[in-house]
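Student: Listed here are the chains, written in short residue letters.
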Amino acid sequence: MRLRANAVIGGTLIGLLATVSFTANFWTPYAPLRINLRARLRPPSDLYWLGTDEFGRDVISRLMAGAATSALVALMTVVAAVVLGVVIGVLAGFLRGWLDRVLMAINDTLLAFPGILLALGLMAVIGPNKWGIILALGLAYAPSVVRVVRGAVLSVREREYIEASRVIGNSEVYTMARHVLPNCVAPIVVLATSMFGWVVLAESALSFLGLGVPPPAPTWGNMLSAARPYLDQAPWLSIAPGLCIALTLLGINLLGDALRDRLDPRMVAA
Amino acid sequence: MLRYILHRLLMTVPTALLVALAVFVLLRLVPGDPAQLMLGDTATEETLAELRSQLGLDQSIPVQFMYWLGNVLVGDFGRSITNDLPVLPLILDRFRVSASIVLVAVLLATLVAVPAGMIAAWKQNSLGDLMIVAGATMLLSIPSFWLGLLMLLLFGVKLGWLPVVGYVSFAEDFGRALAYVVLPTATLTLIEIGVVTRMARAATIEVLRLEYITHARAKGVPEGRVLWRHALPNAFAPTWTLLGLILGNLLGGIAVIETVFTLPGLGRLLVDGIFARDYPVVQGCLLFIAIMYVLVNLLVDLLYPVFDPRVAAE
Chain Z
1 MRLRANAVIG GTLIGLLATV SFTANFWTPY APLRINLRAR LRPPSDLYWL
51 GTDEFGRDVI SRLMAGAATS ALVALMTVVA AVVLGVVIGV LAGFLRGWLD
101 RVLMAINDTL LAFPGILLAL GLMAVIGPNK WGIILALGLA YAPSVVRVVR
151 GAVLSVRERE YIEASRVIGN SEVYTMARHV LPNCVAPIVV LATSMFGWVV
201 LAESALSFLG LGVPPPAPTW GNMLSAARPY LDQAPWLSIA PGLCIALTLL
251 GINLLGDALR DRLDPRMVAA
Chain Y
1001 MLRYILHRLL MTVPTALLVA LAVFVLLRLV PGDPAQLMLG DTATEETLAE
1051 LRSQLGLDQS IPVQFMYWLG NVLVGDFGRS ITNDLPVLPL ILDRFRVSAS
1101 IVLVAVLLAT LVAVPAGMIA AWKQNSLGDL MIVAGATMLL SIPSFWLGLL
1151 MLLLFGVKLG WLPVVGYVSF AEDFGRALAY VVLPTATLTL IEIGVVTRMA
1201 RAATIEVLRL EYITHARAKG VPEGRVLWRH ALPNAFAPTW TLLGLILGNL
1251 LGGIAVIETV FTLPGLGRLL VDGIFARDYP VVQGCLLFIA IMYVLVNLLV
1301 DLLYPVFDPR VAAE
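Same order as they appear, the protein sequences are chains Z and Y.
Counting from 1, one number per residue, gives the positions in the first sequence under my numbering.
Counting from 1001, one number per residue, gives the positions in the second sequence under my numbering.
Just so you know, these hints were derived from the structure itself, not from any lab.
Just to be clear, a hint being listed does not mean it is correct.
Unchecked claim - From the structure, some residues in chain Z lie toward chain Y, with a derived Cβ separation under 8 Å:
hint, residue
1, A7
2, L103
3, A105
4, T109
5, L201
6, A205
7, L224
8, G242
9, I245
10, A246
11, L249
12, N253
Unchecked claim - Now the stretches of chain Y that chain Z is said to cover, found in silico as 3 or more residues with beta-carbon under 8 Å:
hint, segment
13, 1019 to 1025
14, 1090 to 1099
15, 1134 to 1140
16, 1174 to 1182
17, 1239 to 1253
18, 1256 to 1269
As the structure is a prediction and not an experimental result, all values here were calculated from the model.
Glycine included, C-beta positions come from ideal geometry on N, C-alpha and C.
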């Protein structure tokens, strides 16, 4: 019962995010970057549903554009982390030997950093921009994918059906793609779902610090950071973007719980 | 037991060395010449060359690493480019601010979240359980910096109970210092309650299904005693490990909270260092926080057998 409620609410929230992000690409109520100094810091009204910011830009249009940016960054980061993690994890788990040991030593070192700290360090080197964030967060989160994939590969590689595939003359690459990888799909899906949430949070935190997507392009994080000085005069600027982040994370967490219940038999009874 | 401790201690040395290497390599990837960055565009060739040899930049990379590592080991983290102060005292000074907030928040969160999670597990699938899980999931989904802004909005702006901007150190004026750290601590506590409650609940559910619990109940042990005396020690062990990870992650991401509440903590030092391209400070902060994370997890692992003696016996 609860399982279904989780999936329905989580799915709805994430569906909403996808729809809004997609729509923002060709329609927003106002142009999200258009400055109108005669309409600065307007409270929510019929004209501007969620008010305007310190440059008179429409908040709801900027939230929509921000959703598109955040969703795209998060999606590309997760894809990058998963691709990198799967390639390295499969190599390490399947080939073993010294290559495995070297790869895992590097991997464990990266895991010894809190993800957000590693991303901060990488942003210091790369400099704040959209591709920089994708690269930094992708590198910061790939090590956990490597761990999961390597573990899954190690647990299946000695099974009889893998041996059988080799015995009948299938190549290593074919065996890996056809028989080993499908066993990793469930844990990767669960991990990738939560990772989407971590990345949305990390990206908004970096943007909030001024180390993410640079203004004037709107993201939820840099909107919040710009709202801090106007907490007194224009509290609506601080409320709306944070609510968007929170609802996205809630959707992801609920969806993640539902997926884990479905895909991880160990957790079903809990 | 002794073997477990020694083994775990020995394992920390290569990890710490690799972490140091990673920080060193990361900062070497920064485009441009550090000497040029330090002296600015007006520097002459001679002064540049002099500084390079002073910093050891004319040596090979492995030699530079060993040189840097040697300095770090004796506590010399270099000097800040912006104000020429030694980096380590700067870090330690800022660390006190961050550490006090983070430690108190994790302690308070544990005191609330562990009982909440256990009660939810004990009454699994009841209305109370549902409410605790829903509450925890919501807290888990709120970004800390947004909750911080909302707290400031409510208690600072609307009610006017607490200051909105600034910081006073505890040494200066204890009462006023307290007023500045209440909101950041409360924010982090609330955020962490979400994660810890979910972990404590999941761990307790697993433990309550075990036979020794059924056995205790069959003997007629009262429910309260079953829960607190028999289930708690085993259910707490996984939560204990999580606390180490949380502490490290909080320290890594503390900059956002310090930005919201304008606190002069370690996270702010790091971020300001990044903006000012003050690489000795950035390098020092990254290394310090990462080593702290390694040490906290070491401490957590060393104390783990207190909660689960089976680990040390293996």
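Student: Of the numbered hints stated earlier in the document, which are not met by this structure?
Tutor: 1, 2, 14, 16
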